[in-house]
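Undergrad: Work out the full structure: start from the sequences and follow the hints.
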Amino acid sequence: MKETSQKPKLAVWKFASCDGCQLSLLNCEDELLAVADVIEIANFPEASREVIPGPYELSLVEGSITTPHDKARIQEVRRQSKFLVTIGACATAGGIQALRNFKDVNAFIDIVYAHPDYISSLATSSAIADHVPVDFELPGCPVNKQQLLEVIIAFLHDRKPNIPHHSVCIECKQRDTVCLAVTQDIPCLGPVTRAGCGAICPAFNRGCYGCFGPMETPNTESLADELRDKGMITEDLLRLFRTYNADSPAFKMESERHE
Amino acid sequence: MTPPRPLYRLDRNDFGILLNILKEKGYLTVGPTRRDGAILYGALESVDDLPIGWTDEQEAGTYRLKCRDDDALFGYNVGPHSWKKYLFPSKTKLWSATKKGSGFEIDRETDTPPKYAFIGVRACELHAIQIQDKVFMGGTYQDPVHAGRRRDCLIIAVNCAQAANTCFCTSMQTGPKVDNGYDIVLTEIIDKARHYFVIEAGSDRGAAIVKKLPVSPVQQTDMDAAAACVENAEKQMGRKVDMTDIKDILTRNYDNKRWAELEKKCLACGNCTMACPTCFCSNVEDITDLGAEHAERWRSWGSCFTMDFSYIHGGSVRPSIGSRYRQWLMHKLATWLDQFGTSGCVGCGRCITWCPVGIDLTEEVKAICDNEEGDPSG
Ligand code: SF4
Ligand code: SF4
Ligand code: SF4
Ligand code: SF4
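Chains as they are written, first to last, in this note's numbering: chain A, 1 to 259; chain B, 1 to 378.
These are calculated hints, taken from the structure and not from any lab test.
Ideal Cβ placement from N, Cα and C applies to all residues, glycine included.
Some hints here could point you the wrong way.
Stated by the list, open to error - Anything over 10 Å on all C-beta distances counts as not near chain B; from chain A, calculated:
| hint | residue |
| --- | --- |
| 1 | Ile52 |
| 2 | Pro55 |
| 3 | Ala123 |
| 4 | Thr234 |
| 5 | His258 |
Unchecked claim - Selected chain B positions facing chain A (Cβ under 10 Å, derived; list incomplete):
| hint | residue |
| --- | --- |
| 6 | Arg35 |
| 7 | Pro80 |
| 8 | Asp286 |
| 9 | Trp301 |
| 10 | Pro319 |
| 11 | Ala334 |
| 12 | Trp336 |
| 13 | Cys355 |
TA: Okay, structure coming up:
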């Protein structure tokens with residue numbers, strides 16, 4: 001007989017990451033109690049060691065794939081999950097650790113580890129979608145907790161999450177921030193970066209550094225040309241696009257133009 | 001036609017009295033104030049909140065504050081954000097619903113705006129407000145948020161005595177002189193001997209306020225000085241654009257190769273539409289809570305530069321950035337005429353200044369007009 005009272009199971013999985021996105025979920029304190037009312041938290045390493053076996057209604061995946069073991073494990077997570085949602089820049093674009101994709105990993109291993117032969121690592125750090133089909137990707141380093149809740153609620157209720165794909169600038173103007181690219185020539189990636197953070201950095205007089213990754217139609221080339229005209233040197237342009245979302249196709253292509 | 005109302009002189013030192021009267025009458029006084037390296041609209045507690053002695057320098061993609069060599073109260077041009085933020089807030093909850101038995105109960109959100117007194121509204125901005133009045137209140141269905149905020153809103157306009165490099169109100173016939181729709185209009189005059197305003201009421205509400213002020217009658221010299229201010233602004237007009245036949249020209253230039261240039265340059269960031277005082281598009285989203293007990297409908301500023309804007313089943317109708325820029329320009333200058341009987345542009349120059357890559361609508365129009373490619377016969 002079908003158990004009608006059974007709550008859908010939510011699982012959180014960690015791959016190569018800093019746990020920041022899981023912490024965003026843990027940060028939802030008040031809301032988490034409500035979450036626990038309607039879903040069973042079956043696996044959430046940051047919160048509890050207990051693991052309830054699958055299958056899972058919704059799996060949130062944090063972190064990128066960096067080892068052969070990860071590669072096998074993500075297949076298992078996918079098999080067990082009805083919906084698989086990646087959370088954060090690591091899971092969605094390979095994260096800051098994807099900087100190694102531009103270099104030779106073995107050279108690093110030889111320098112860093114006393115016994116390089118103990119290390120089993122892939123040549124690249126890659127996004128989850130490079131390995132298994134993904135139902136939804138939530139960007140951010142870390143993800144925004146309101147957006148995370150919105151995604152969880154939307155998937156539980158079978159509706160499309162209200163997650164914008166447009167630029168940070170739109171959020172910046174909506175909150176009445178004065179554009180610091182225009183008033184102070186501060187380099188800002190807002191025009192090519194996806195909204196979601198609420199345009200926090202410009203509100204604190206700092207240019208957007210692109211932690212939410214590329215927006216829907218990022219014209220990085222035009223922005224980079226503008227920044228160069230305003231005096232930014234090639235080296236800095238390369239670094240600007242090579243951070244948390246260095247391996248996302250748009251930012252990768254742009255940084256390579258400045259190599 | 002109502003007979004012209006008398007003009008008066010108001011001394012600069014008595015300007016604070018105007019603010020006090022407005023406060024006594026229950027208005028929330030908002031106007032220009034200096035914040036974050038710009039002059040933008042915010043609450044005015046006293047005259048000292050005004051950008052006294054400051055001005056702005058604007059160019060495509062740049063804005064800088066500069067000290068003036070006098071103590072003008074209104075010696076600058078339009079800033080980053082328009083009055084739109086008060087009359088058409090960037091985020092509004094439209095209604096919410098709560099589950100009740102097998103159905104749900106709707107809670108109509110009633111907007112309870114303060115009674116605004118806008119201080120320092122420029123001619124182009126007043127035109128923009130009137131354009132949005134048409135958009136939000138001109139048809140069969142009125143937008144209650146805009147209508148409610150507009151109802152008691154008092155407008156104290158200021159004639160521009162200077163123009164920014166990005167201004168082109170003369171081309172759009174919206175300024176620099178304030179012509180209608182105001183409760184009070186001021187012209188700020190600073191000469192060697194005096195700092196004062198020529199003040200004129202434009203409505204009964206405005207006249208009642210002027211009556212309470214310690215004003216004195218104007219002399220011909222005051223009127224001449226006021227006219228000279230406006231002339232000066234006209235002379236300084238930083239940009240101009242020829243709007244003759246603009247609708248026909250744009251309509252027959254759908255395939256102009258300029259759009260491909262814009263495809264390369266425009267970031268589709270949407271800043272121009274957010275900054276524009278007439279852009280009225282919004283995005284409506286429903287949110288639900290975890291237990292599906294409560295739902296809310298929110299409206300927020302939208303932009304035709306986003307992919308979502310023209311999303312229909314299968315994708316966006318305007319996937320290329322060039323086609324989105326074309327939509328924007330066509331709407332502002334051509335299709336707006338069909339829709340509302342006016343242009344959608346008042347020549348305030350905000351889209352030029354606040355574009356991170358300095359795309360200039362006046363330059364784009366000129367480039368298209370000078371290099372027509374479509375068959376001019378139609
Ligand atoms: S500060 Fe940055 S994010 Fe904000 S509008 Fe300017 S360019 Fe866009
Ligand atoms: S299109 Fe540009 S110049 Fe015209 S009203 Fe809008 S912001 Fe001002
Ligand atoms: S230009 Fe775009 S955002 Fe502005 S009113 Fe027209 S369609 Fe809307
Ligand atoms: S014209 Fe400028 S402000 Fe407007 S979307 Fe393009 S880049 Fe952004």
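Undergrad: Given alanine 334 (chain B) was flagged as interface, is its beta-carbon under 10 Å from a beta-carbon of chain A?
TA: With a closest approach of 24 Å, the alanine 334 (chain B) hint is violated.
Undergrad: Looking at histidine 258 (chain A) again, its CB stays over 10 Å from all of chain B?
TA: 18 Å, holds
Undergrad: How about tryptophan 336 (chain B): closest beta carbon in chain A under 10 Å, or not?
TA: 21 Å, violated
Undergrad: Confirm or reject the statement that threonine 234 (chain A) sits farther than 10 Å, beta carbon to beta carbon, from all of chain B.
TA: Holds, since 19 Å exceeds 10 Å.
Undergrad: Since isoleucine 52 (chain A) was said not to touch the interface, does its Cβ keep a gap of more than 10 Å from each Cβ of chain B?
TA: Holds: least Cβ distance 20 Å, greater than 10 Å.
Undergrad: Holds or violated: the hint that proline 80 (chain B) contacts chain A, with Cβ atoms closer than 10 Å.
TA: Hint holds; proline 80 (chain B) Cβ to chain A Cβ min 5 Å, cut 10 Å.
Undergrad: Quick check on cysteine 355 (chain B) please, does its C-beta sit within 10 Å of some C-beta on chain A?
TA: 8 Å, holds
Undergrad: Are all C-beta atoms of chain B more than 10 Å from that of alanine 123 (chain A)?
TA: Non-interface label stands for alanine 123 (chain A): nearest chain B Cβ at 34 Å, farther than 10 Å.
Undergrad: Going by Cβ atoms only, is arginine 35 (chain B) closer than 10 Å to chain A?
TA: Where the cut-off is 10 Å and the nearest Cβ of chain A is about 7 Å from arginine 35 (chain B), the hint holds.
Undergrad: Please verify that hint: aspartate 286 (chain B), Cβ, nearest Cβ of chain A, below 10 Å or not.
TA: Holds. Min distance 8 Å.
Undergrad: Restraint: tryptophan 301 (chain B) near chain A, CB-CB cut 10 Å. Satisfied or not?
TA: Holds, about 6 Å.
Undergrad: Using the nearest Cβ pair, does proline 319 (chain B) come within less than 10 Å of chain A?
TA: 8 Å, holds
When each numbered hint is compared with the structure, violations occur for hints 11, 12.
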